[in-house]
Amino acid sequence: MRSAGLRTLVNDRIGDRSGYGARFARRIEQILPAIARTLALAFGALCCLAAGAHAETPQTTSRPNIVVILFDDVALMDLGAYGGEAKTPNIDRLARQGALFRNHHTSPLCSPSRAMLLTGLDSHETGVSTIEEVLPAAQKNRKGYSLRLEEGVLTIADHLKAAGYRTLMAGKWHLGHGEGDLPSSHGFDRSLALDASGADNWAAKPYMPYYEDAPWFEDGRPVQLPDSFYSSELLVDRLIGYMNETPAGSAPLFAYLSLQAVHIPVQAPASFTGSYAGRFDAGWEALREARWKRAQETGLIPQNAPLAPMPEGLRAWSDLSADERAIYARSMEVYSGMLEAADHHIGRLIEAIEARGDLDNTLFVITSDNGPEPSDPVHAPGMNLWMKLHTYHWRLEGLGGPGSLAFIGPEWAASLSSPGSMFKFLASQGGLHVPLILSGPGVGPDLRIAERSFVSDVTPTLLDLAGVAPLRPEGSIPIRGLSLKGLVTPPDAEGGAPGAIPERGLGVEVSGNSAFFRGDYKIVRNMPTWGDGRWRLYNLTLDPGETRDLAAAEPDVFASMLKGYETYAAEVGVLELPDNYSSQIQILINSLTRQAGFYWPYLVALLGLIILLPAGAIALWLRGRRRQSGS
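Read in order, the letters of the sequence shown are residues 0 to 630 in numbering that gives the first Met the number 0.
These aren't lab readings, by the way, just hints derived from the structure by calculation. A virtual CB, placed ideally from N, CA and C, is assigned to each residue, including glycine. One should not assume that every hint holds.
To be verified - Between beta-carbon pairs, the in silico distance windows are:
#, residue 1, residue 2, range
1, P489, T546, 31 to 41 angstroms
2, R95, S270, 20 to 30 angstroms
3, A137, R95, 44 to 54 angstroms
4, E288, A551, 28 to 38 angstroms
5, S270, R471, 46 to 56 angstroms
6, L612, A137, 38 to 48 angstroms
7, D578, H378, 25 to 35 angstroms
8, I617, G400, 47 to 57 angstroms
9, H389, E232, 20 to 30 angstroms
10, A137, L541, 33 to 43 angstroms
11, E288, R394, 22 to 32 angstroms
Model the full structure from these sequences, guided by the hints.
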């Protein structure tokens, strides 16, 4: 938990309501209206006395509401505004009204990205440098690897709450477990939070054996969800309810909507999936090429940029049986329907904000935590039994509905990441290059931003646009990201172009998968099983699909980039992985250890029965023998 001094300092700014401080705060609240009325009357009298005074439109000083919408595992080109197949009209409208970033990057994994998004820090500075499923024992509880927001880390909710915002959250949290690690301890007034990497979208149940249940919390306390719900609808309903607890105009709102779409299990109401029937029957190679061509047509990549090949070891669409092609094509139909359903409920949220009269004064951010998910959980060892125990199925009939466990797998994930290469977990462009849309007051319309941005830039950008100075209590970590306000500010009266941000080196590392960006170049290292642990150099301007390794051809650039990464890694505290580390083996070890904890009481009881039953039988046999001897 945060230090007492830091917590006291922050609470002083945001209004602690306990003890003497509570009585003092209540007294201040009682007299503030009278002071305000007196000042208003005095100001009005002065205005009336001013000779020759003329009526002017009062300048609003109200700060904007802020809505951050985070998708889970959404690829760069998944949304309609980026050329995706899914129908996302509400998101597309926000993109037309604001700024669409073409060169935005994040980390390749959910929790580190979320930590950076909400703090403006590097993931290692937050304490959430990876996820617990892949954490080796040698890194456990080391600084930067506690997998919780560590001492001195402040969230955007902390900063905004201190400035008078009402702070709200609904959705996946995944930034630490237990008391002191949930949203209610990190600046959020109201929250409905999932404290796991994912969960079923139709019921409160786990989606993988790593979890015993689906841990949902409201305002820091365990909560029972309705018997029947759909995740995107539930989260938007709850967020609208939280918003409406604050009368319109009484305080600015910060709302963080962290959707489960499109994380495994891929699920969506049938009403949103039907229009995609047959859309993906041509297979994953066709989708990959189609997205590459659309990226060229829309200017996301140069016209002569080469198409990245599919990763080695993946199946060709033609190698599948007819039944396999049917269920995999259907999985993509459900995937698109899940995106459309999320957009529909985002539209409901926008309508609720408009009904409050706040739409013109609301900033919207839409982004994703990482690239598309390649996992195939259904065919993992032991998964068939687990699915039966938890009433899941993987069948064509009913796929996407309640009780189904749909996924897209590595082949579709590699296609969705086009024009990039690879996918989630890896530091290739398919894992890092994601959408970012920013819309609202202070943001110019129909902007297309080519400059490189990073996930840690979101918090400082929003604070800058809202006119909120970040808190800087003793012991806190300064924000690392840069404000992008200069890139999105509307042109001035003379038609001047938006500003720029300084060129910088950007590093990222998650469980050994690493990258460093500077100028046109990027170095990248991916660890087994999808990588080989070797550094490669690419010119992303000419080769966004990372097809031509330039390390040997441009050794000076390669050496400079590697030095840049090493400086970054030392600065933020990246720890080296143990020799022969394998993320797949580590997942297996950590999962078995965790499940042993779930079932240990039952195993002890079973072991007791195994010992006691034979012992009891022997005791009875010996007793019988003694009786026979006595007779």
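Against the structure, the hints:
no.	hint	result
1	P489 x T546: 31 to 41 angstroms	holds (38 angstroms)
2	R95 x S270: 20 to 30 angstroms	holds (26 angstroms)
3	A137 x R95: 44 to 54 angstroms	holds (49 angstroms)
4	E288 x A551: 28 to 38 angstroms	holds (29 angstroms)
5	S270 x R471: 46 to 56 angstroms	holds (49 angstroms)
6	L612 x A137: 38 to 48 angstroms	holds (42 angstroms)
7	D578 x H378: 25 to 35 angstroms	holds (30 angstroms)
8	I617 x G400: 47 to 57 angstroms	holds (54 angstroms)
9	H389 x E232: 20 to 30 angstroms	holds (22 angstroms)
10	A137 x L541: 33 to 43 angstroms	holds (39 angstroms)
11	E288 x R394: 22 to 32 angstroms	holds (30 angstroms)
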